[in-house]
Amino acid sequence: MKIAIGSDHLGLELKNTIKEFLETQGTVKVEIVDVGVFDANPVDYPDIAEKVALEVASKNCERGILICGTGIGMALTANKVPGVRAAQAHDVYSAERARKSNDAQVITLGALVIGKELAKKIIEAWLVSEFGGGGSTQKVNKIKQLDERYRKLE
0 MKIAIGSDHL
10 GLELKNTIKE
20 FLETQGTVKV
30 EIVDVGVFDA
40 NPVDYPDIAE
50 KVALEVASKN
60 CERGILICGT
70 GIGMALTANK
80 VPGVRAAQAH
90 DVYSAERARK
100 SNDAQVITLG
110 ALVIGKELAK
120 KIIEAWLVSE
130 FGGGGSTQKV
140 NKIKQLDERY
150 RKLE
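Numbering of the sequence shown is given in numbering that gives the first Met the number 0, commencing with residue 0 and proceeding in unit increments.
Where hints are given, some of them may not hold.
[Unchecked claim] With a straight-line cut-off of 27 Å between C-alpha atoms, the simulated BS3-like cross-links for lysine-lysine are:
{"#": "1", "residue 1": "K115", "residue 2": "K28"}
{"#": "2", "residue 1": "K50", "residue 2": "K18"}
{"#": "3", "residue 1": "K115", "residue 2": "K151"}
{"#": "4", "residue 1": "K79", "residue 2": "K138"}
{"#": "5", "residue 1": "K151", "residue 2": "K28"}
{"#": "6", "residue 1": "K151", "residue 2": "K120"}
{"#": "7", "residue 1": "K58", "residue 2": "K141"}
{"#": "8", "residue 1": "K18", "residue 2": "K79"}
{"#": "9", "residue 1": "K50", "residue 2": "K115"}
{"#": "10", "residue 1": "K50", "residue 2": "K141"}
{"#": "11", "residue 1": "K119", "residue 2": "K58"}
{"#": "12", "residue 1": "K58", "residue 2": "K151"}
{"#": "13", "residue 1": "K99", "residue 2": "K1"}
{"#": "14", "residue 1": "K115", "residue 2": "K99"}
{"#": "15", "residue 1": "K1", "residue 2": "K58"}
{"#": "16", "residue 1": "K50", "residue 2": "K119"}
{"#": "17", "residue 1": "K79", "residue 2": "K141"}
{"#": "18", "residue 1": "K18", "residue 2": "K1"}
{"#": "19", "residue 1": "K50", "residue 2": "K79"}
{"#": "20", "residue 1": "K18", "residue 2": "K28"}
{"#": "21", "residue 1": "K99", "residue 2": "K18"}
{"#": "22", "residue 1": "K79", "residue 2": "K143"}
{"#": "23", "residue 1": "K141", "residue 2": "K119"}
{"#": "24", "residue 1": "K79", "residue 2": "K58"}
{"#": "25", "residue 1": "K120", "residue 2": "K58"}
{"#": "26", "residue 1": "K28", "residue 2": "K141"}
{"#": "27", "residue 1": "K99", "residue 2": "K120"}
No lab work stands behind these hints: they were computed from the structure.
Build the full structure now, drawing on both the sequences and the hints.
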């Protein structure tokens, strides 16, 4: 599975922890596309969120992981990119439901909210979960229809 990952300066340490975990201990074989940041210099999180969201929207990557201080700004920004469904998760259950019920291709985490070990569990649960379909299909299709309806045409 090809995954885009990115963080702002507040999420850099957790991003690197997650990358190392996925490359060495995760149960899902992954190829990681790291869009930054690569140092602790302050950046604006929307720039990173857009890069990861575009990797997913273009289908270059199947999934995306975004980390900032709270995960909120990254989720808000990624959800502005047409075709992307980003969900903030700070617990394993929410991460699973983001995939199983909402077909979220992007997950966002708050480095100032959760610790490294919990982050690993959240990412692992999200990666092994798949969209369940069933009654959720109609709901996800409605999200897709809203995305199409309000997409700004150039």
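Now the hints, each set against the structure:
1. K115 <-> K28: 20 Å, holds
2. K50 <-> K18: At roughly 17 Å apart (the allowed maximum being 27 Å), K18 and K50 satisfy the hint.
3. K115 <-> K151: 38 Å, violated
4. K79 <-> K138: Roughly 19 Å between the alpha carbons, so the hint for K79 and K138 holds.
5. K151 <-> K28: With a Cα-Cα distance of about 36 Å, the restraint between K151 and K28 is violated, given a limit of 27 Å.
6. K151 <-> K120: Cα-Cα ~37 Å, so violated.
7. K58 <-> K141: 21 Å, holds
8. K18 <-> K79: Measuring from Cα to Cα gives roughly 25 Å; hence the hint holds.
9. K50 <-> K115: OK: K50 and K115 at ~24 Å, within 27 Å.
10. K50 <-> K141: Given that 27 Å is the threshold and the Cα spacing comes to 25 Å, the pair holds.
11. K119 <-> K58: Given pair K119, K58 holds - Cα atoms ~24 Å apart, limit 27 Å.
12. K58 <-> K151: Cα-Cα ~20 Å, so holds.
13. K99 <-> K1: 19 Å, holds
14. K115 <-> K99: Cα-Cα ~24 Å, so holds.
15. K1 <-> K58: Roughly 10 Å between the alpha carbons, so the hint for K1 and K58 holds.
16. K50 <-> K119: Distance ~22 Å between K50 and K119 Cα, so the pair holds.
17. K79 <-> K141: 16 Å, holds
18. K18 <-> K1: This hinted pair holds, its Cα atoms lying about 12 Å apart.
19. K50 <-> K79: 12 Å, holds
20. K18 <-> K28: This hinted pair holds, its Cα atoms lying about 12 Å apart.
21. K99 <-> K18: OK: K99 and K18 at ~23 Å, within 27 Å.
22. K79 <-> K143: Status holds; Cα separation ~13 Å.
23. K141 <-> K119: 31 Å, violated
24. K79 <-> K58: 16 Å, holds
25. K120 <-> K58: 25 Å, holds
26. K28 <-> K141: 32 Å, violated
27. K99 <-> K120: 16 Å, holds
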